[in-house]
Amino acid sequence: MDFLSDHQPDILPGNRQLPPTQGVIEAPHGTTIVATTFPGGVVLAGDRRATMGNVIAQRDIEKVFPADEYSAVGIAGTAGLAVEMVKLFQLELEHFEKVEGAQLSLEGKANRLSTMIRSNLGMAMQGLAVVPIFAGFDVDRGKGRIFSYDVTGGRSEEHGFAATGSGSVFARGAMKKLYSEDLSEGQATTLVVQALYDAADDDSATGGPDVARRIYPLVTVITEDGFRRLTDEESSEIARLILERRLEQPDGPRAALL
Amino acid sequence: MSTPFYVSPQQQMADRAEYARKGIARGRSLVVLQFADGIVFVGENPSRALHKFSEIYDRIGFAAAGKYNEYENLRIGGVRYADLRGYTYDRDDVTARGLANVYAQTLGTIFSSAAEKPYEVELVVAEVGVTPEGDQLYRLPHDGSIVDEHGSVAVGGNAEQISSYLDQRHRDGMTLAEALKLAVQALSRDTNGSEREIPAERLEVAVLDRTRPQQRKFRRIVGRQLVRLLEEGSSGGAAGAAESDGSDDADGSDASEEK
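From first to last, the protein sequence lines stand for chains A and B.
Residue 1 is where the first sequence starts when you use the numbering used here, and the numbers rise one by one after that.
Residue 1 is where the second sequence starts when you use the numbering used here, and the numbers rise one by one after that.
Chain A on its own, in the form it takes in the complex:
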């Protein structure tokens, strides 16, 4: 990054001249990302919809990316900028690892992402914000951790679960009722798909499982063994089980009243 800014500053996102604009630029926006920890790792998942105003811009966008072997980023906000930010972030982590011969600590990675979001503040003021969730397995502490961000790059570590994007309010509500500290990996993946279903239920910008087109939420798991993306079969199976239950109980599983 430092090398780039000396050598070829024009390809860094923060250094571009912004065209004078009035109002909000119409660009595809990614919507809901959810994450939850479980003993042994962390799950990060996202729906597949991108919207542009009231139009669905893309039905099968992928918004969760591996940052390196032990971490991943899920992005909500302007899709184009977010994808570029993730690409640069991946590059930085890999570059550091190769040059120094050691991986950055998870805190280090989270801080680095924070700086990158802050450098996008100018764009964010024009309505082109990027608000990711960073999740990873902390090799030193042996557990999964989640970091959430605001548009100014403010970073906060979340304990248990987190959500970002337009449907995050509903997803967080769902997770609050379903989360417990002793989830298995399978339960954690079901939990995030449930939360995404609830988000899609109440937020028009979040896409639910699309059975007709076979488009299902993107679910990734990071454990001691590294990053793994659930195959289409695995995620469709989770979505199918949830759908079947919801045919009987449209609002999903009930939590105890007291």
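Hints listed in this document are in silico derivations from the structure and should not be mistaken for laboratory results.
A few of these clues could be false.
Taking beta-carbon pairs under 10 Å as the criterion, some of the chain A residues facing chain B (in silico) [to be verified]:
#1 F3
#2 L4
#3 H7
#4 Q8
#5 E69
#6 K87
#7 L88
#8 L91
#9 E94
#10 H95
#11 E97
#12 K98
#13 V99
#14 G101
#15 G226
Quantities reported herein were computed from a predicted structural model and do not represent experimental measurements.
Glycine included, each C-beta is placed from N, C-alpha and C at the ideal position.
Knowing the structure of chain A, use the given hints to seat chain B on it.
Okay, now just chain B, sitting in the frame of chain A:
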């Protein structure tokens, strides 16, 4: 006032080449071999912190003999070149050929510039292909030339003797354990023909493994895994090739001690 002596350009270049060669010869040799699933780097390196081999990009590895600070400089330059290429265009647009060219330019310029001393390094740039036919090996001597190699390469002090030993014995489609064993045998030959033992903890081993599911194919082989592979190589080799000499036993006992 004394006038400077006239030194002919031929003599000047010969002196510089001699200087670089002597510098390289002081370091230990290392070998790079093709095997069925990729390319293996083997060298004797007592240090755990200063690596002779490293990853440049997804499919590209780097090996260097000679002066550490000089090749480390070149290595970081290579990583920067590759990462910048990959970010600006696409990951597939970073090739070993392109990288080897950049190194050749750099080394050549330094070698012929009178203001600088020549770099005392010899590099190997290797790229693992999707199939063994796609593998590429380039050797870059101190003067900035490029040699396109096949099968095996040796660089460093005792390189000529080692590479002739390897050329005779290396064949396509070896397993990793076989290739590793051959490499260790080649490295344990001294200039005067005698053999010595290289214990596993003094070996630095890395592979570019085309079967690795990740995008990045470079992997270091250390600790228990290395010991296991060395054992596998010596037992398999003893059963497979009865003609091989007593060095098998030496390797075997030496590896089991490490456990």
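Evaluated hints:
no. : hint : verdict
1   : F3   : holds (6 Å)
2   : L4   : holds (7 Å)
3   : H7   : holds (7 Å)
4   : Q8   : holds (7 Å)
5   : E69  : holds (8 Å)
6   : K87  : holds (7 Å)
7   : L88  : holds (7 Å)
8   : L91  : holds (5 Å)
9   : E94  : holds (7 Å)
10  : H95  : holds (5 Å)
11  : E97  : holds (8 Å)
12  : K98  : holds (5 Å)
13  : V99  : holds (6 Å)
14  : G101 : holds (7 Å)
15  : G226 : holds (8 Å)
The structure agrees with every numbered hint stated previously.
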